[in-house]
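Turn these sequences into a full structure, and let the hints guide you.
Protein chains: 2
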Amino acid sequence: MDKLVLCEANNVPLTPITFLKRASECYPKRTSIIDGQTRFTWPQTYDRCCRLASSLLSLNITKNDVVSILAPNVPAMYEVHFSVPMTGAVLNPINTRLDAKTIAVIIRHAEPKILFVDYEFASLIREVLRLLPSGESQAYPRIIFINEISSTVKPYSKELDYEDLIRKGDPKVSSSMFCVHDEHDPISLNYTSGTTSEPKGVVISHRAAYLTVLSSIISMEMRLFPVYLWTLPMFHSNGWTHTWSVAARGGTNICMRNVTALDIYKNIELYNVTHMSCVPTVFKILLEGDGTDQTRLSRPVRVITGGSPPPAALLQKVQKLGFQVMHAYGLTEATGSVLSCEWQDEWNRLPKHQQMQLKARQGVSNLAIAEVDVKNTKTQESVPRDGKTIGEIVIKGSTMMKGYLKNPKATAEVFKDGWLNTGDIGVIYPDGHVEIKDRSKDIIISGGENISRIEVEKVLYDHKKVMEAAVVAMPHSLWGETPCAFVVLKKGETNQGYGEKESMKTKEKDLIKHCRENMPHFMCPRKVVFLEELPKNGNGKILKPKLREIAKGLVVDEDDTGSKKVQGGSVNQVSSRL
Amino acid sequence: MDKLVLCEANNVPLTPITFLKRASECYPKRTSIIDGQTRFTWPQTYDRCCRLASSLLSLNITKNDVVSILAPNVPAMYEVHFSVPMTGAVLNPINTRLDAKTIAVIIRHAEPKILFVDYEFASLIREVLRLLPSGESQAYPRIIFINEISSTVKPYSKELDYEDLIRKGDPKVSSSMFCVHDEHDPISLNYTSGTTSEPKGVVISHRAAYLTVLSSIISMEMRLFPVYLWTLPMFHSNGWTHTWSVAARGGTNICMRNVTALDIYKNIELYNVTHMSCVPTVFKILLEGDGTDQTRLSRPVRVITGGSPPPAALLQKVQKLGFQVMHAYGLTEATGSVLSCEWQDEWNRLPKHQQMQLKARQGVSNLAIAEVDVKNTKTQESVPRDGKTIGEIVIKGSTMMKGYLKNPKATAEVFKDGWLNTGDIGVIYPDGHVEIKDRSKDIIISGGENISRIEVEKVLYDHKKVMEAAVVAMPHSLWGETPCAFVVLKKGETNQGYGEKESMKTKEKDLIKHCRENMPHFMCPRKVVFLEELPKNGNGKILKPKLREIAKGLVVDEDDTGSKKVQGGSVNQVSSRL
Chain A
1 MDKLVLCEAN NVPLTPITFL KRASECYPKR TSIIDGQTRF TWPQTYDRCC RLASSLLSLN
61 ITKNDVVSIL APNVPAMYEV HFSVPMTGAV LNPINTRLDA KTIAVIIRHA EPKILFVDYE
121 FASLIREVLR LLPSGESQAY PRIIFINEIS STVKPYSKEL DYEDLIRKGD PKVSSSMFCV
181 HDEHDPISLN YTSGTTSEPK GVVISHRAAY LTVLSSIISM EMRLFPVYLW TLPMFHSNGW
241 THTWSVAARG GTNICMRNVT ALDIYKNIEL YNVTHMSCVP TVFKILLEGD GTDQTRLSRP
301 VRVITGGSPP PAALLQKVQK LGFQVMHAYG LTEATGSVLS CEWQDEWNRL PKHQQMQLKA
361 RQGVSNLAIA EVDVKNTKTQ ESVPRDGKTI GEIVIKGSTM MKGYLKNPKA TAEVFKDGWL
421 NTGDIGVIYP DGHVEIKDRS KDIIISGGEN ISRIEVEKVL YDHKKVMEAA VVAMPHSLWG
481 ETPCAFVVLK KGETNQGYGE KESMKTKEKD LIKHCRENMP HFMCPRKVVF LEELPKNGNG
541 KILKPKLREI AKGLVVDEDD TGSKKVQGGS VNQVSSRL
Chain B
1 MDKLVLCEAN NVPLTPITFL KRASECYPKR TSIIDGQTRF TWPQTYDRCC RLASSLLSLN
61 ITKNDVVSIL APNVPAMYEV HFSVPMTGAV LNPINTRLDA KTIAVIIRHA EPKILFVDYE
121 FASLIREVLR LLPSGESQAY PRIIFINEIS STVKPYSKEL DYEDLIRKGD PKVSSSMFCV
181 HDEHDPISLN YTSGTTSEPK GVVISHRAAY LTVLSSIISM EMRLFPVYLW TLPMFHSNGW
241 THTWSVAARG GTNICMRNVT ALDIYKNIEL YNVTHMSCVP TVFKILLEGD GTDQTRLSRP
301 VRVITGGSPP PAALLQKVQK LGFQVMHAYG LTEATGSVLS CEWQDEWNRL PKHQQMQLKA
361 RQGVSNLAIA EVDVKNTKTQ ESVPRDGKTI GEIVIKGSTM MKGYLKNPKA TAEVFKDGWL
421 NTGDIGVIYP DGHVEIKDRS KDIIISGGEN ISRIEVEKVL YDHKKVMEAA VVAMPHSLWG
481 ETPCAFVVLK KGETNQGYGE KESMKTKEKD LIKHCRENMP HFMCPRKVVF LEELPKNGNG
541 KILKPKLREI AKGLVVDEDD TGSKKVQGGS VNQVSSRL
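Sequence lines, in order, name chains A and B.
So for the first sequence, the numbering used here puts the first residue at 1; every next one is plus one.
So for the second sequence, the numbering used here puts the first residue at 1; every next one is plus one.
Please note that the accuracy of each hint is not assured.
The list treats identical chains as interchangeable, and a pair is accepted whether it falls inside one copy or across any two copies.
To be verified - PhoX-like, lysine-lysine: derived pairs with alpha carbons at most 20 Å apart:
| id | residue 1 | residue 2 |
| --- | --- | --- |
| 1 | 29 | 359 |
| 2 | 3 | 406 |
| 3 | 352 | 490 |
| 4 | 3 | 409 |
| 5 | 63 | 3 |
None of these hints come from the bench; they were simulated from the model.
Bear in mind that the values here come from a model prediction, so they are computed numbers and not experimental data.
Written out as structure tokens, the structure is:
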């Protein structure tokens, strides 16, 4: 047995970029991408990706180089998921909801050689470039602008235009040039939160991406030729890896620059959409569309949702419209999907509200996950499968990330004891389904985006009048959760800064303004509560559960989101208005 | 990027045995196996496999040891697919259609430490043991008999009974003991043809099996909780890897000792069967059932067929009964399925006969295959995708075998030029679908089993009266193909041996008798044609196409298969009567 050696024929590295060449050969007449008037077939998409890869090579892009992109869900955003790793480089899709300062931090950390920028973010990126230190030449990536494909106006330097690179690229550069030699090599770099001090860049391997694609196709039961509507930003964990899945199934990508109820319903009917993924926030958008959009779908659309647990009532309303919701749980560190709430036919006989409770559970492990467990955080022992005893959700398997870029401390911490420690607290039921019972201690999930409580607290602490601050999640009708700050003002400062006569409202506005000046808007607390002191236990540890209890009863001032009309704008754009 | 190292949490070897533990945890109440009155749940199957693995360990089974099994589709046959590789050993399921002599050759070659034998094959195995040379002690495997689970009679030595080993095994032996440390380690050893001189034992890795399972689930669109009817022998490429797939999807295995029309229809209705796999020969059994069995199914059953191309007329008849046939192509050397005829909805609008022609094509590559191509056998260049130009089908990917056990020459030959060279001749259509146009030069496929023409010719040449022999496939109504021999008798012998007055019939019977004495019956020619000389080209090479042309027009004497009643007996049993 030992004498059999691996060879070129039987040891091919696993990478999802093989799905593109296969799609071009096996589905030659199928439409790969629709973006308004623009349509491509799979051979065209393959041709465009080969051309772009060859242009990147001629720009000296090579193995392990980082190539970043700041773009909405347009064809270029889809194409870079293949063309960048084809060259051996690592794709870094940047969250378009971030502010210039945070993007600058990411760019200094990731050190991309090239940064693709959609024209929509032209002024944002100019601000980012101003923030990069002038001394560090390597910190300046080469900018390549992405315009509308149909556009004939070239407002930017001709040499740095995406379509120009495609035109100039050589489609005949042998595909063997694009080979991945080791499946453990990185394919993408995804930042989990826009932090200013310690950015966490998750490095994903070709192997992890490939295996996640296969197991996600199975868990979401994505049959041949799906029509996939891009309501989920592709920058979010590479669109939960569905960028590659759609190629694997020979499907059609329906691009959307802006996620509005009108556009979603229009696209669903126009193209017979079969699948979409989104955070529960998008359900709100669907339900709160202005009435004319809200129609029962003529055929069911399978929706994968995750990011935060969907409330049962919301699920029921959305299902009534014709959406078949499947709940999944994942994290960037696990290359996307980890658990899926696999539906069992006999559950259809249960009362509706009970069905929705079952559906709100995160579910069972996908096939690419070797093991999932819930462990007592102190003893490290598995909790009983009783649906009651809480513990931390831990995972192992080949789809876990390689680690955090340039952050060995955080990498070692998250991987301690031979598991990926998710930081999420949950229970496990006798039927094997996992349910998250509490957010992990540090994370607030707002509109599907993670907000680190520690980072928000840091900014609050920077304010000269703040003595103590604690941030917890509070429920929000549109975003699911939003940060709520509890603040104790400095004793001496109380009178100096804010006179007795200044209202709570003014003090609150002042602190929120301070936050907005120092972090992305979506991370800012929407509510500040002033206390004489924070509730603490005997050891001086802040009693977070008590604060969460208070936050639950609070109401956000809805002056900027109360409008029922969620107009033009993707989730990120709506958010950036806030 | 280079500083990120693999660790226990993110680098878990890929192996299909993980699917069993997962099924026991995620589908704890689901039925895993039904075999007559016997029923198990997934936790019970997991428990039984752990116990058996622990017993195997206590019998000193260790990494890379071979454990063989000779059994029909009974629960034990299913369980060894998990319990044997759990110990690090290699499973060798032996074709039950083979004769004692061939099995003895396999056992001498594979050198199993243990041989599981179903009681049905008790006398066959006694014959096999007699054939093993007495001098070679390592050639004698330890025999463990498999009885009916419900049986209380223990006709064989108590220590060597399968159920006893399960009872004595320790289910609590930590599952970490069963870890596979390298996914490239072998999981199974499958012999491709019962040859006497040069057995070809295909060694399959855990990685290849795992990836084939995922990609087969996708290509056959096997949804959650399939009810899988075992019409395909599990010894055949590990049941085309569906042994492991059913565990991955939390399905139910319906075992069948004998494949009869009556039992197939009965099981389908009784258990709401959703899936089965079989060679086209089984379609004949379904259609030729004695009438009372033949009912239109109350719900559709998805049937994966392969082994030999199903004739369009046969497909159409079977589909009318309610079977949804999917055509696939695979080979043992590729761990099972390679191509699948992915059905496209728009084809439903074509005339029925055209649909069946499309369905008879072998199809497009599964996702675990890195590349499939059809190459000109002389120039090694890809043939044009015109559906006309023939070439050899070649494959590469991580699901290709590790090689042939103890046969470096055959391994090097099949892997030459960085591809697995299938030996099958086909064309590739503009839509990427591959169709096999001719059997590979050496192989005749009879009832799904490969017969090497060379081996049959060898036996014929051994006959003292034969001067020249050439064997080709001839069509057969039940088996798809059967060997047809063209023989030139020795000049001197013609008169000495067979007097002028001896009829052709007598001569033919004499040669077939000789074959039956020297090889498994299913490999014997059913027709012998005597010629003055074989047709040859200028270089003296026999013109096989000309012989095939003649063979096409011949009719087999149907005295032993003409009966419409295909009674009691699996495909292999029916065949062993022939």
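Structure-based check of each hint:
When the C-alpha separation of residue 29 and residue 359 is checked against a cutoff of 20 Å, the pair qualifies only between copies, where the shortest distance is 19 Å, while the shortest distance within a copy is 37 Å. Taking the shortest Cα distances, residue 3 and residue 406 sit within 20 Å of each other only across copies (8 Å), while inside one copy they are farther apart (40 Å). Taking the closest pair of Cα atoms, residue 352 and residue 490 never come within 20 Å of each other, the shortest separation being 51 Å inside a single copy and 83 Å across copies. Only between protomers do residue 3 and residue 409 lie at most 20 Å apart by alpha-carbon distance; the minimum there is 13 Å, versus 41 Å within a single protomer.
Taking CA atoms no more than 20 Å apart as the test, residue 63 paired with residue 3 passes between copies only; the shortest distance there is 14 Å, against 33 Å inside one copy.
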